[in-house]
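Student: Protein sequence lines, in the order shown, are assigned to chains Z and D.
To convert, note that position 180 of the first sequence is 180 in the numbering used here; the numbers rise steadily by one, no gaps.
To convert, note that position 98 of the second sequence is 98 in the numbering used here; the numbers rise steadily by one, no gaps.
Hints were generated in silico from the structure; no laboratory data involved.
Mixed in with the good hints, there may be bad ones.
[Said to hold, decoys possible] For lysine-lysine, the following BS3-like pairs were computed, each having C-alpha atoms within a straight-line distance of at most 30 Å:
1. Z:77 with D:308
2. D:308 with Z:117
3. D:188 with D:164
4. Z:162 with D:308
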Amino acid sequence: MSIHVNKLTKTYHETEIPVHAVNGIDLSFEKGEFAAIVGPSGCGKTTLMNMIGGLDVPTSGNVVVDGSVMSELSSNKLIDFRLRNIGFVFQAYNLIPVLSAKENVEFIMQLQNWNKKEMENRTLALLESVGLGEKINSKPNQLSGGQQQRVAVARALASKPKFILADEPTANLDSIATNQLLEIMEKLNREENMTFIFATHDQRVMDKAKRVITLDDGKVISDVLKNQ
Amino acid sequence: MTKIAWRSIWRSKLRSSVVIFAIASGLLGGLFSSAWMNGMAMQRVNNTFAFEIGHVQLHNPGFSENTDVKKTILDTRKKILSLSNTDGIKAATERIRLSGMAATANKNMGVNIVGVEPDTEKKVFELYQRIDSASGGFFENDKKNAIVISKALAKELNAKLKSKIVLTFQDFNGEITGAAFKVVGIYKTDNSPWDKLHVFVKNEDLRRVCEVPADQSHEIVLLLDDYEQAAFMAQELQGQYPDVKIEDWAEISPYLSLMSGYMDTMMGLFMVIILGALGFGIVNTMLMVVLERTRELGMLMAIGMTKKRIFIMIMLETIFLALIGAFIGEILSMLSIAHFGTVGIDLSSVAEGMEAVGYGAITYPMLEGYRYIQITILVILTGILASVYPALKALKLHPAEAIRST
Chain Z
1 MSIHVNKLTK TYHETEIPVH AVNGIDLSFE KGEFAAIVGP SGCGKTTLMN MIGGLDVPTS
61 GNVVVDGSVM SELSSNKLID FRLRNIGFVF QAYNLIPVLS AKENVEFIMQ LQNWNKKEME
121 NRTLALLESV GLGEKINSKP NQLSGGQQQR VAVARALASK PKFILADEPT ANLDSIATNQ
181 LLEIMEKLNR EENMTFIFAT HDQRVMDKAK RVITLDDGKV ISDVLKNQ
Chain D
1 MTKIAWRSIW RSKLRSSVVI FAIASGLLGG LFSSAWMNGM AMQRVNNTFA FEIGHVQLHN
61 PGFSENTDVK KTILDTRKKI LSLSNTDGIK AATERIRLSG MAATANKNMG VNIVGVEPDT
121 EKKVFELYQR IDSASGGFFE NDKKNAIVIS KALAKELNAK LKSKIVLTFQ DFNGEITGAA
181 FKVVGIYKTD NSPWDKLHVF VKNEDLRRVC EVPADQSHEI VLLLDDYEQA AFMAQELQGQ
241 YPDVKIEDWA EISPYLSLMS GYMDTMMGLF MVIILGALGF GIVNTMLMVV LERTRELGML
301 MAIGMTKKRI FIMIMLETIF LALIGAFIGE ILSMLSIAHF GTVGIDLSSV AEGMEAVGYG
361 AITYPMLEGY RYIQITILVI LTGILASVYP ALKALKLHPA EAIRST
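Please model the entire structure based on the sequences and the hints provided.
Tutor: This is the structure:
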């Protein structure tokens, strides 16, 4: 698995003065990375993540995942690409409120037409792995923020993605929930070699990350690979 | 997807309940008023069959044009016997029809004089049931020169039971003649203008005075097993009896046929208005739903739910709402129509006005079973149509922006 970000730019023209949210970024990610994209608010973290995840279209440049140029995919192919290759964890959890934890995780597998038995087994295993084996039938409003975010991680992993994009996953969590979540993600990265890319300004995430990419004004100002 | 759509309906119980209530009450109003109109129309149609015209009539072709007293049907007994034994014909009777004057000491009025064979007349028409026990009977004994008149005519002529009424009319030879008749029965239908115009006497009395030959009459009236077969039956019989003109009820009384079609159109119009209003209500509600769930829809798109599936999900939600509302509305409609169809809606306070235009004071709402199925299909179609615009709105969402929305 490889992700190549080539001369990526995103310019907004909401006012007369163009705003370069992402300004000519070149990056590469390999399988098993545990990388954090950091920087002050408005530096372009979320815009970059959205373009890596195929949720937004670059003004120029491209994102290539395993040879597929995302901006060249049709709308339907892009949706299918996201479904099969990318797991998303959002800041606000974004679970489906009318479904239980189990149903939320299963939902993404239903979209992929999984066999019912396999789907159930994988869902239970995933919820166990994030420490929510006892909460499978709870609705999101019956779970704490940290628990909801762990369900979101289980959901992101459900479709066996190539990598997971987590945009400010700890922003709404207290330190205990943050530590629990990070431990789970670290474990998945360590044991299953799952690739995680975070956009964050949370120091605790930066401390755990193996690679920290710092952005400012839409540009990469540092890209540090930590020694483990 | 079905699960999400179904459960999503109940996220805002109040809003969904309001929509369901609107659909249910709209349907109740529409179906009940349709049933009421339909009941009134069917009562009018059935009364016309039962008291006035029957289902099929046979005349001498010349009689229909100018009611010439000499234009009779020949061999009526043979024809009646043959017709009575025809499949699909329940009963047949013959009538002598004359125009004349009815006079008492107080007043005289123009009337249609109907000569009847009481036994067969009772098999075809139900007028005899509209004479209450205090108002005599329908030629229950062999008294000569008996006459049955309506309550409305009795009032006009200031007549009552046993009053003498002199009928004046043209006889078979073209001479003006007349005879005195004694009132033996006073009837009342729901059509007072018709009542005022029609008096009934026995054929044998009329033949004697009017000199209409035996075995000849002006009219043979048929009662069929199914009135909807009248046109077909009339056509079939016309081939067998080329010497007479045979008409079904729609030809005899085009108003009835028109009314039947008119009621269908009115009911259709009613439903279009109600369903249109419901449609706009649903569109409004579903637009709010899409607006409120922008972030969730963005997330669904982001994680890989196709536009087609999102479209279907919004559509399913709308259809579920419409179906629940339709189900409740139809149950309420069935119950209320069944109740008032039995006890009737009493409009006695405006009875005179109703009867002046041929309708009874008590009306019985009724609706055919297939109408409920039609309505269910129409509600589903309305739900589908109403969901298209909100669903398209949802598809226009940009996932990245939608996820950031609050």
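Student: Each hint should be assessed against the structure and marked as holding or not.
Tutor: Cross-check of the supplied hints:
1. Z:77 with D:308: 13 Å, holds
2. D:308 with Z:117: 26 Å, holds
3. D:188 with D:164: 19 Å, holds
4. Z:162 with D:308: This hinted pair holds, its Cα atoms lying about 25 Å apart.
When held up to the earlier numbered hints, the structure conflicts with none and fits them all.
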